[in-house]
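So the chains spell out like this:
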Amino acid sequence: MEGASLLLLVLDLTGTFVFALNGGLTAMRAARLDIVGVITLGMITALGGGIIRDTLIDDLPPATFQDWRYLAVAAGGALIAFAFSQHLTRLAVPIELLDAVGLSVFAVTGAGKAMTFGLGPVQAIILGAITAVGGGTLRDVMIGRVPSVMREGLYAIPAIVGAGITVGCILLGFHGLAAAFAAAAACFLIRLLGVYFKLNAPRPRATTGPSDPV
Amino acid sequence: MEGASLLLLVLDLTGTFVFALNGGLTAMRAARLDIVGVITLGMITALGGGIIRDTLIDDLPPATFQDWRYLAVAAGGALIAFAFSQHLTRLAVPIELLDAVGLSVFAVTGAGKAMTFGLGPVQAIILGAITAVGGGTLRDVMIGRVPSVMREGLYAIPAIVGAGITVGCILLGFHGLAAAFAAAAACFLIRLLGVYFKLNAPRPRATTGPSDPV
Amino acid sequence: MEGASLLLLVLDLTGTFVFALNGGLTAMRAARLDIVGVITLGMITALGGGIIRDTLIDDLPPATFQDWRYLAVAAGGALIAFAFSQHLTRLAVPIELLDAVGLSVFAVTGAGKAMTFGLGPVQAIILGAITAVGGGTLRDVMIGRVPSVMREGLYAIPAIVGAGITVGCILLGFHGLAAAFAAAAACFLIRLLGVYFKLNAPRPRATTGPSDPV
Numbered sequence: 313m314e315g316a317s318l319l320l321l322v323l324d325l326t327g328t329f330v331f332a333l334n335g336g337l338t339a340m341r342a343a344r345l346d347i348v349g350v351i352t353l354g355m356i357t358a359l360g361g362g363i364i365r366d367t368l369i370d371d372l373p374p375a376t377f378q379d380w381r382y383l384a385v386a387a388g389g390a391l392i393a394f395a396f397s398q399h400l401t402r403l404a405v406p407i408e409l410l411d412a413v414g415l416s417v418f419a420v421t422g423a424g425k426a427m428t429f430g431l432g433p434v435q436a437i438i439l440g441a442i443t444a445v446g447g448g449t450l451r452d453v454m455i456g457r458v459p460s461v462m463r464e465g466l467y468a469i470p471a472i473v474g475a476g477i478t479v480g481c482i483l484l485g486f487h488g489l490a491a492a493f494a495a496a497a498a499c500f501l502i503r504l505l506g507v508y509f510k511l512n513a514p515r516p517r518a519t520t521g522p523s524d525p526v
Numbered sequence: 313m314e315g316a317s318l319l320l321l322v323l324d325l326t327g328t329f330v331f332a333l334n335g336g337l338t339a340m341r342a343a344r345l346d347i348v349g350v351i352t353l354g355m356i357t358a359l360g361g362g363i364i365r366d367t368l369i370d371d372l373p374p375a376t377f378q379d380w381r382y383l384a385v386a387a388g389g390a391l392i393a394f395a396f397s398q399h400l401t402r403l404a405v406p407i408e409l410l411d412a413v414g415l416s417v418f419a420v421t422g423a424g425k426a427m428t429f430g431l432g433p434v435q436a437i438i439l440g441a442i443t444a445v446g447g448g449t450l451r452d453v454m455i456g457r458v459p460s461v462m463r464e465g466l467y468a469i470p471a472i473v474g475a476g477i478t479v480g481c482i483l484l485g486f487h488g489l490a491a492a493f494a495a496a497a498a499c500f501l502i503r504l505l506g507v508y509f510k511l512n513a514p515r516p517r518a519t520t521g522p523s524d525p526v
Numbered sequence: 313m314e315g316a317s318l319l320l321l322v323l324d325l326t327g328t329f330v331f332a333l334n335g336g337l338t339a340m341r342a343a344r345l346d347i348v349g350v351i352t353l354g355m356i357t358a359l360g361g362g363i364i365r366d367t368l369i370d371d372l373p374p375a376t377f378q379d380w381r382y383l384a385v386a387a388g389g390a391l392i393a394f395a396f397s398q399h400l401t402r403l404a405v406p407i408e409l410l411d412a413v414g415l416s417v418f419a420v421t422g423a424g425k426a427m428t429f430g431l432g433p434v435q436a437i438i439l440g441a442i443t444a445v446g447g448g449t450l451r452d453v454m455i456g457r458v459p460s461v462m463r464e465g466l467y468a469i470p471a472i473v474g475a476g477i478t479v480g481c482i483l484l485g486f487h488g489l490a491a492a493f494a495a496a497a498a499c500f501l502i503r504l505l506g507v508y509f510k511l512n513a514p515r516p517r518a519t520t521g522p523s524d525p526v
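Residue numbers (our numbering), protein chains in the order written: chain G, 313 to 526; chain R, 313 to 526; chain C, 313 to 526.
Possibly wrong hints are sitting among the right ones.
Note that the list lumps identical chains together, so a pair holds whenever it fits in one copy or between two copies.
[Said to hold, decoys possible] No farther apart than 20 Å at their CA atoms in a straight line, the calculated lysine to aspartate or glutamate pairs in the EDC-like style are these: (1) 425 / 464; (2) 425 / 379; (3) 425 / 370; (4) 510 / 408; (5) 425 / 408; (6) 510 / 379; (7) 510 / 370; (8) 510 / 411; (9) 510 / 371; (10) 510 / 464.
Think of the hints as simulated: they come from the structure by calculation, not from any bench.
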């Protein structure tokens, strides 16, 4: 169990790092930012989802905000994005893979924490998804973009599946790390399938016709 | 009293449903969203004001987030907006009317809850208005629009009047549902007059001159 | 000590007033708002940083939201911005100076409050900076602008310095008002130097080349 817990921590910190890296890079591409902006947005991308979750379940101050390891790893990821943005384009594939790891781990740990704090199963699934996609949503809103999670790709749906499996396992009495890894693996696979086949969530019928002049 | 409490619950759920419907429709018109985005924005429009209020008065987890009926009704309204957006344009007038019902009920229940939690009268009026207009404000910010409540129409002002009458009645010792309905009716009427006569809140003098190049 | 505490309160209220004034003016220049929008954005600019800080350190309801003096001073500043926007352009220099006072006082009191609530030194520095720049960030996000604090000028960096000196003094055992004023003075001076010499925080290398088509 010790080793497995350590593995979960390492995966969680890996997700935090890659979210910060990815958040900083995305923000820099979409808006002219200085170092303050890049670090702020990288940290918000990495920690924002957990902060929203902890506010909603009343675990304040937020856990990731209190743990210096998460703050340091998030700041480090954002700083690397700032310093090496031009070189990191070559690492697009491994960054995408690690981002899917972060998505999966955050969805599972977020849903599990919500159950631990006594919230209902539906709320726990929503909170798992918020943990996974909340940071990226805040990042996009702060740079004036409609959040990509609400527009394209499969990003929230694998998170909801991972959180759902987590909640189902807990309700059925499987509390162990095996269940957590199975749930995270399902989220990870759906996310990768979505990236590889460029899948999108269904869109309203209206927007498949001629574009409205917004 | 039983029947009146039930009536208030039904009105509150009606407001939640119509806010979700309206939020989803507005979001779809202003931005290209997939089903995840429409449901997210519908639910945020319906539940966001109450969540901000409950965070500020320290009633976490937020009440509407904990009650599955509010979650289900909000998700249902957003789903209907997603599925039937083209047909719902014909229902613009009843949707506008029910939206005014939601505005009125949220302003009154929000201000009343803030008083119950011991906040001062000015804060309770602000919190009533936040409950009523907070969700729509979040929706607009998330799709990159300056919130309509800050630009045009009479939307916050009837909410402030409704919340103000609620707080006044409580201070004067009228706690009953009659006071709540009177306050909601005042809000509702001002809102409808504003819609019918296309009234706007005062604008700064500068912006009535030739438009500045923003 | 009495006089010094009073001085700190007066400076804090001065900062609140000028942040509301400045927030209302900035918002009016960047977006067409009515009186509801100007007052909302002025108050959010003045009180938003403290509200985020108090949420994160779990001091809810937020202090500035509970104290009617802060609410009244913030609303007054926003109203003056609404009524006299055309005349206030002549006062740009004193407004800029008083805004720097607000930045300094908020950074110092924010960091000090976080330490009082038992947060770690790094968190306290971040929270001091959030107190100082959070309101302006919320204002910009709400009117659809990339927050100016993340793009240009020296605004967050002096706040971080002021908060850092505050935390350092507390860790070294200097709790008094002299330390607070020294920290605020350092923040104030760096801010003024930044304004005077038009200094910017470092920008990513990529964006110094030809502009990317955003």
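Hint check, failures only: 1, 5, 6, 7 and 9
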